[in-house]
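Chains as they are written, first to last, in the working numbering: chain A, 1 to 292; chain B, 1 to 351.
One thing to keep in mind: the hints can contain errors.
To be verified - Here are the simulated lysine-lysine pairs, PhoX-like style, with alpha carbons at most 20 Å apart:
#1 A/Lys205 to B/Lys104
#2 B/Lys300 to B/Lys272
#3 A/Lys201 to B/Lys74
#4 A/Lys201 to B/Lys300
#5 A/Lys199 to B/Lys300
#6 B/Lys209 to B/Lys181
#7 B/Lys130 to A/Lys205
#8 B/Lys104 to A/Lys199
#9 A/Lys41 to A/Lys51
#10 B/Lys104 to A/Lys201
#11 A/Lys205 to A/Lys155
#12 A/Lys205 to B/Lys107
#13 B/Lys130 to A/Lys287
To be verified - Cβ-Cβ distance ranges computed for the label pairs, FRET-style:
#14 A/Leu25 to B/Ala166: 56 to 62 Å
#15 A/Pro186 to B/Ser59: 21 to 27 Å
#16 B/Ser162 to A/Leu24: 36 to 42 Å
#17 B/Val101 to A/Gly225: 35 to 41 Å
#18 B/Lys209 to A/Val115: 24 to 30 Å
#19 B/Ser162 to A/Gly225: 44 to 50 Å
Rather than coming from a laboratory, the hints here were simulated on the basis of the structure. Positions of the beta carbon are idealized from the N, C-alpha and C atoms, including for glycine.
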Amino acid sequence: MDKRRIWEGIRPYVLIAPAMAGILLFVMYPVGYLIYLSLFKYNLMNKDKSKFVGLDNFTQILGRGDFYKALWNTSVYTAGVVILTMLLSLLIAVWLNKKGRFNSVVQAGIFTPHVVSIVSISLVWLWLMEPNQGLLNYLLKLVGLPPSAWLQSSKTALISVIIVSVWQAIGYYTLIIVAALQSISPSIYEAAALDNASKFKVFYKITLPMISPQLFFILIIMTIGSFKVFDTVQVMTGGGPNNATTTLVYYIYGFRTTNIGYSAATGVVLMAIIGLLTFIYFRLLSKKVHYQ
Amino acid sequence: MASIEFVKVSKSFDRQTVIEDLDLTIEDGKFTVLVGPSGCGKTTLLRMIAGIDPQTSGSVLIDGKDVTRIAPGKRGVAMVFQNYAIYPTMSVRENIEFGLVNNKVPKAERKRLVETIGATVGLNDYLDRKPSTLSGGQRQRVALARAMVKDPSVFLMDEPLSNLDAKLRVQMRIELIELHKKLGTTFVYVTHDQIEAMSMADTIVLMNKGVIQQEAPPEVVYRKPSNLFAAQFIGVPPMNIAPLGDDRATFGFRPESVVIGTEPESFHYTAKGEVITREMLGSETIYQVKTTDGHAFMVKCPDDRYHVDQQVCLGVPADQLFFFGPDENRVDEKDNRHREFMERLRGLAYG
Numbered sequence: 001m002d003k004r005r006i007w008e009g010i011r012p013y014v015l016i017a018p019a020m021a022g023i024l025l026f027v028m029y030p031v032g033y034l035i036y037l038s039l040f041k042y043n044l045m046n047k048d049k050s051k052f053v054g055l056d057n058f059t060q061i062l063g064r065g066d067f068y069k070a071l072w073n074t075s076v077y078t079a080g081v082v083i084l085t086m087l088l089s090l091l092i093a094v095w096l097n098k099k100g101r102f103n104s105v106v107q108a109g110i111f112t113p114h115v116v117s118i119v120s121i122s123l124v125w126l127w128l129m130e131p132n133q134g135l136l137n138y139l140l141k142l143v144g145l146p147p148s149a150w151l152q153s154s155k156t157a158l159i160s161v162i163i164v165s166v167w168q169a170i171g172y173y174t175l176i177i178v179a180a181l182q183s184i185s186p187s188i189y190e191a192a193a194l195d196n197a198s199k200f201k202v203f204y205k206i207t208l209p210m211i212s213p214q215l216f217f218i219l220i221i222m223t224i225g226s227f228k229v230f231d232t233v234q235v236m237t238g239g240g241p242n243n244a245t246t247t248l249v250y251y252i253y254g255f256r257t258t259n260i261g262y263s264a265a266t267g268v269v270l271m272a273i274i275g276l277l278t279f280i281y282f283r284l285l286s287k288k289v290h291y292q
Numbered sequence: 001m002a003s004i005e006f007v008k009v010s011k012s013f014d015r016q017t018v019i020e021d022l023d024l025t026i027e028d029g030k031f032t033v034l035v036g037p038s039g040c041g042k043t044t045l046l047r048m049i050a051g052i053d054p055q056t057s058g059s060v061l062i063d064g065k066d067v068t069r070i071a072p073g074k075r076g077v078a079m080v081f082q083n084y085a086i087y088p089t090m091s092v093r094e095n096i097e098f099g100l101v102n103n104k105v106p107k108a109e110r111k112r113l114v115e116t117i118g119a120t121v122g123l124n125d126y127l128d129r130k131p132s133t134l135s136g137g138q139r140q141r142v143a144l145a146r147a148m149v150k151d152p153s154v155f156l157m158d159e160p161l162s163n164l165d166a167k168l169r170v171q172m173r174i175e176l177i178e179l180h181k182k183l184g185t186t187f188v189y190v191t192h193d194q195i196e197a198m199s200m201a202d203t204i205v206l207m208n209k210g211v212i213q214q215e216a217p218p219e220v221v222y223r224k225p226s227n228l229f230a231a232q233f234i235g236v237p238p239m240n241i242a243p244l245g246d247d248r249a250t251f252g253f254r255p256e257s258v259v260i261g262t263e264p265e266s267f268h269y270t271a272k273g274e275v276i277t278r279e280m281l282g283s284e285t286i287y288q289v290k291t292t293d294g295h296a297f298m299v300k301c302p303d304d305r306y307h308v309d310q311q312v313c314l315g316v317p318a319d320q321l322f323f324f325g326p327d328e329n330r331v332d333e334k335d336n337r338h339r340e341f342m343e344r345l346r347g348l349a350y351g
């Protein structure tokens, strides 16, 4: 009888143990180790020569101009990608939501970039954006506009990377928004029509609130994803020209062999920034999000 | 207040014609119920009045004015939907107010109207709640309030009670009758439930397959159904029908007009049979009786002493018999054939 009571008590823990083991091993341990590393001046050649430096790495980060440059670039990149992608996906989704003959084709087509590897996409765009032989400048010239240096000027490099990321992300998020739009009961729109609501009002007072959970989800997922951007930068610009496209993760990557401790500390800061941003989002917006 | 008129109205969905050349006038201030089996086109007619699914051809007139080119929100109609179509993201107050805000009614006036209507439907304690926290009956009231607050000249209702439980439905039925009496506006009500139609309507418009079968007050539809379909659609259980000779003519009688007994009595139509099923409903009992010539007739009477497998005698008085010609239309007493059919039935009768 007593044995059975003990078993009753520990059974829940036994049942979640496999999942917890995975989380501990693959999530908690790496995060913990990252924080641990950030407190050291780490020697990759000889572990024993690593020196505990306390919060030295962090004071160094906050005192260095190149970190702020990377943080600024990342913020601009994130703002650009999130705002552009959300606006464009919303527009396209509203358009696709009408039942047209070509809409399923367009929907499939617009989703395709998501299936292709971001490295391939970056390479293709690298070629399209080539200032002398690239297709984009050719088209610009064709319609009589001045050509752009695209990735090769520090003025336009970041916006060029943003364009590629937006182009790649739109299809996926459009799909999510289309699904959200289609789940709205048509009779609500009919009721709104009988209530003499203008098109703008219907969109603003009915459609947007109805899809707000999905929009909020997209906002958070994309902010987190954009803050961690790496592959497009690595393939297309390597952080250049003149650090114009160095983002936080690329910055971290830059110290991977020279200063692991500093690298880890930047990683911890990035984690903190993302956590803080998500927290702010929830505090500011969660009241405006309508869950059914 | 307004009358509604359909003139040569047709409607097709994807080349499939649902309604063809239909003419109908709905009287001003009346409670009109469009009733019929699902797919008969009754909801389609309602949506045409609202303008949310305009007719393919022909015209719809509200108060004598062709509204074909007028947007739904400007027709002066309000509609209660089957699933209520309440805006889930807005509070009860915002739901009721939405139409007023769009029509630029001043704020003070809006507040007064919402609170008056809220009191009428008993929602004043819930005005600042979200619809998701309300019960089915309360949501129904929100939908009603939202329609009422606009003071429309026509009320459209598309099976508004079908999502409520049986008890609440009976209560709402009475409330709707009272509401109609109080407002005095034109009500157009769509249902597939003939009990709702019978209990609430001033005029019943009975439809089948896009064609109007009968347009009359409930008692006329019940006592003088225009054809076989009307006779069998109205009434619970439906009218008993059996063939009358070989020319596809039929005769019928309502389950409640049968006299049931153990000894044969003298009626114009009599039959002997055996009780197959028995449904005891409290105030009345419904028997299914299989006659010796193979017909199954429903009998409804207050008497519950007959049991299954018992041999019984059925009798129907002459004035309770209905006759339908080979074209399925009812043969009236004034019709020449009525006499002939009466004679024919006597020949068929048992014993």
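* **Enumerated hints in conflict with the structure, sorted upward** => 4, 5, 6, 11, 16 and 18
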